[in-house]
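Colleague: If you want the building blocks of each chain, they are given just below.
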Amino acid sequence: MRFSGFDENFDVIVIGAGHAGCEAASAAARMGAQTALVTLSLDTIGQMSCNPAVGGIAKGHLVREIDALGGIMGRVIDRTGIQFRLLNRSRGPAVRAPRAQADRSLYRAEMRRTLEATPNLHLRQGLVIDLIVEDGKVRGVELQDTRRFHAKAVVVATGTFLNGLIHTGKRTYTAGRAGEPASIELAESLKRLGFPVGRLKTGTPPRLDGRTIDWSVFEPQPADERPVPFSFATESIDQPQVTCYIGYTNERVHQTIRANIHESPLYSGQIKGVGPRYCPSIEDKVVKFPDKNRHQLFLEPEGYDTYEVYLNGFSTSMPAELQQELVHQVKGLEEARIIRPGYAIEYDFVDPRELTPFLETTRLRGLFFAGQINGTTGYEEAACQGLIAGINAALFVRGEPLFRLHREESYIGVLIDDLIHYGVDEPYRMFTSRSENRLALRYDTADARLAPHGRRLGLLGDEDWERFNRRRERLAKLRAVIEGTRFKRSDAVHAELSLRLNQNLGDAISLAQLAQRPNVHPELIYELLPAETRAQTSLSDLETVLADIIYSGYIDAQRATNERIHQHDYLRIPPDFNYRAISGLSREMVERLERARPETFGQARRVPGMTHGALATLLVHLKLRRAA
Amino acid sequence: MQASDTIVAVSTPPGRGGIGIVRLSGRQALDLARKLLCKEDFAPEPNRVSLHVLRDPETGEELDRALVTYFQAPRSFTGEDVIEFSCHGSPVLLLQIVDALLRLGARAAEPGEFTLRALANGKLNLSQAEAIRDLIEARTAAAARQAARQLGGELSATLQPLKDALLELIVPLESSLEFVEDDLPDLEIERLSARLSDLVRRMDELAATFRAGRLLKDGLKATLVGRPNVGKSSIFNALLKQDRAIVTDLPGTTRDALSEMINLEGIPVLLTDTAGVRDSADAIERMGIERTRRAIADADLLLVVVDGSEPLTAEDRELILEVAQSRHLMVANKCDLAGFSLGRLRETVANGAEIIAVSARTGQGLEDLRRAVLRSCSAPESATDSLLLTNARHYDLLRRASDALATAQRLLQERASEELVLVGLYDALRYLGEITGETTPEEILTQIFSTFCIGK
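If you read the protein sequences in the order shown, they are chains A and B. For the first sequence, counting from 1, position 486 maps to 1877 in my numbering; every step adds exactly one. For the second sequence, counting from 1, position 177 maps to 198 in my numbering; every step adds exactly one.
No wet-lab data here; the hints were simulated from the structure. Since the model is a prediction, treat every value here as computed from it, not as a measurement. Yeah, the Cβ is synthetic: ideal placement off N, Cα and C, and Gly gets one too. Treat the hints with care, since some could be wrong.
[To be verified] As a list, the in silico EDC-like pairs of lysine to aspartate or glutamate whose alpha-carbon atoms are at most 20 Å apart: (1) A:LYS1683 with B:ASP207; (2) A:LYS1679 with B:ASP204; (3) A:LYS1879 with A:GLU1857; (4) A:LYS1679 with A:GLU1827; (5) B:LYS144 with B:ASP26; (6) A:LYS1868 with A:GLU1817; (7) B:LYS184 with A:GLU1827; (8) A:LYS1683 with B:ASP203; (9) A:LYS1561 with A:GLU1745; (10) A:LYS1679 with B:ASP26; (11) A:LYS1683 with B:ASP204; (12) A:LYS1722 with B:ASP26; (13) B:LYS144 with A:GLU1979; (14) A:LYS1528 with A:GLU1712.
[Said to hold, decoys possible] Some chain A residues flagged as far from chain B (calculated, every beta-carbon gap over 10 Å): (15) ILE1448; (16) ILE1520; (17) ARG1602; (18) GLN1687; (19) PRO1909.
[Stated by the list, open to error] Sample of chain B residues facing chain A (criterion: CB under 8 Å; computed from the structure): (20) LEU333; (21) GLU336; (22) GLU435; (23) SER438; (24) ARG451.
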């Protein structure tokens, strides 16, 4: 019995307009699907709930990959970033990554503008309370205000809103973010559908009134002089850049925390969810590292037109009045006033081992999950999942094969692969060390790795595609010059270089060989380029080419190691292979293998939930079979 | 989690022995035991031995009185419910018991199936599984002890400190890359480099035990050569009499009429006698020479036997020249005879090779010969005391790990960027992981978070 005629029909519905939801809706719409983006509040689209910053090591890599595939996060932060820095500049290019402080409100506005300018994308405000399910397939969503939206595919990107519970001291209340309602019914609906749900926790620090801070005490951390943009489409960052500041806690702060530790819901047992270890609260830092007499703090402006300052490094769920006392004990913050107190938030997530590499659930066809619901943390981690989920929702609607990225080619692939195989015990954050292939997954090669996928999917427009091809050609030409330019012993340059580097350069040395010598920096190679080439070459292009050259030997060696260690990966499993006949394989393992029907041992190795024992047994049997 | 069927096998070696063990593993093990014991209420305490009468399930006839032990899943060898029947050792009786269990619904285990199940249930890592194979194939008590130690995880335990040391190097390097914005201590390159050297040395030391370890496992091939009638066969038989190996009838042991396994203080030695090769007609003689040549080429050690009571013949000298490039010992037989002179021999041979005077007839000097054989394979005095690498795969992996670390150290010294230094460290970790089990990125992160205060 339906008494509301207010139904709407779409191809794809995205629930939640955070970083995952925005990418999902944008991608699906640009791939031609009529897409509804349903959010609790149109005023908080692209909200940065925590730190107003994008990027960092590994996270910056993710944003580059999103951009290379045709996502929007990189472009939006490039237009709204107020402090750009390239991290690890002194280290090798594989571990360099961009990071930018954002103007929180400009970021929101720019994201909303971007979405509103996207054809086929329909913004809808409302609270989704249930999924409409028919015959094991998702058919749409039901809203609190009785509206029903119908679609063939639904992307759930609800962030911390699922059963969100905020803690400040002993006080708890349901909320999705400070001041916004939680999503309780939808959480119940997912449980009813049988999804295995767990609990995670995250936290945020207090925000201060910048006018009450004694800035002279803190060490300034300026922006880069030449800001490196996130998006391959951005030529340059022209907006004014601001400075952040670094300070420290002290023993007095630590003593106060220790004396009041029972006030922290983290230590009183009130919080059950597991929080991220790399984003510890200040309580955690003090308790777990009692020998450290100070902890680093960053004072980060929230934007151009606000005096609100984010006290990075001071995440806490202590009672508000205690937070104020602790802040006052920090040198330089004696007079500082808290505008918004910090808090911890617990929320539901669904075991991501339920997901396929396409981020589709195995329980309901057409239902995709992205972001914190899958147990991740971070805007970048959320956004990249949103992009993949949005792409696949659109492909699903068209009835086309779904799209996945492999861990060998991208951090996005690593992230999804880790999630669906290993699940999560704590909020999952990307690190470069999670990839076996770190040297090949550089921030400056994201386009070479992923742009062809983006183009094929229809997410990369002609202009982007042409830019990509121009860059590719430029780099190839430059590489040819670097490999072809040689200095013989008879050349004056050769003698000068030998002296300057204090190295034996042999009878002749090419620029490519020179670049692989210790203490040879790209600037030196740049100087040595033929004048004509140098005039057409940017230092960043040169760095990319040199990195390709320098890393190639390591990448080959690493590939050889990987192949040696995973030498059985290519062992084929016959289509009629009878897992039930393998003695010692538990029924659970047999079922998982029968469901996945891996074609090779390598694929079997990655079937979710396979134990080492089961794999060893399978391998022995595959080898026996081959030997027979 | 248990496999669907229950398997049974005699798990002691074939042949008449004091006792024989029938092992039953699987979900129905206890059920089947109840039926075999004709005791519906049989509810044994795990890991306790009790005496029971085993009966034919159809006739009720008594088969044997056996000690029955119940190992409850998952705390058993296979990780499943296991029942072991320690019966009297008659092969016929054991087959009757297995047959009874088969009739009750068990399935005959395939070779190695118990081990496979243990592997599948996560009871063993790969190195332990390999050790089981080695244990089954062990030829001497010392080799068996080595295999047992490996099974006990001693190899893993020996490698663990190396892995830990490696992790301690990875953690600061990785942290400095990954957490550039955190307030971390500066890297102390020289200290890291010194620790890296130390690690390489420890790995090389362990790898160096491989030769001795391999000898323990595979044994030493020692071949007696010499012209006819110098007493090769007598020496062969004399050594055999005292040192016959514990186990000689294992399948896969290369044995012909002229080879026999002996046990020299724990080292299995495959002793080969090339005797009688000259005693036949011409065509066969040529074949015999071929065989001798091959035996010489195959041997780890040649025992060149001469008659010490007579001057060397031209044939003797020819042989001595031929073996000069091989590892060999000179054995001067017949030291009990009047004409014996070690001095004369030394002068004639004059190549500085060790000469051991023996008498196969009286047994004199055999002890010296044994010691010389052991010395020649440079088996450490206490071959059975410290852990030795016995597996070529393990040796190979350790060598590779050590090489990877040496590369990393060079890069560290050149002040190469950390991500390059880390390539070698991770390679080494993965090679070690091939022996002891993988170290996941998650474990490295855990180590980082417990070492440094990370996070803004």
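Colleague: None of the hints should be skipped; say for each whether it holds.
Modeller: Now the hints, each set against the structure:
no. : hint                     : in the structure
1   : A:LYS1683 with B:ASP207  : 15 Å, holds
2   : A:LYS1679 with B:ASP204  : 16 Å, holds
3   : A:LYS1879 with A:GLU1857 : 39 Å, violated
4   : A:LYS1679 with A:GLU1827 : 30 Å, violated
5   : B:LYS144 with B:ASP26    : 18 Å, holds
6   : A:LYS1868 with A:GLU1817 : 46 Å, violated
7   : B:LYS184 with A:GLU1827  : 18 Å, holds
8   : A:LYS1683 with B:ASP203  : 13 Å, holds
9   : A:LYS1561 with A:GLU1745 : 35 Å, violated
10  : A:LYS1679 with B:ASP26   : 49 Å, violated
11  : A:LYS1683 with B:ASP204  : 11 Å, holds
12  : A:LYS1722 with B:ASP26   : 70 Å, violated
13  : B:LYS144 with A:GLU1979  : 18 Å, holds
14  : A:LYS1528 with A:GLU1712 : 50 Å, violated
15  : ILE1448                  : 6 Å, violated
16  : ILE1520                  : 36 Å, holds
17  : ARG1602                  : 23 Å, holds
18  : GLN1687                  : 4 Å, violated
19  : PRO1909                  : 4 Å, violated
20  : LEU333                   : 52 Å, violated
21  : GLU336                   : 47 Å, violated
22  : GLU435                   : 4 Å, holds
23  : SER438                   : 4 Å, holds
24  : ARG451                   : 6 Å, holds
Figure legend: structure checked against the earlier numbered hints; hints not met, in rising order: 3, 4, 6, 9, 10, 12, 14, 15, 18, 19, 20, 21.
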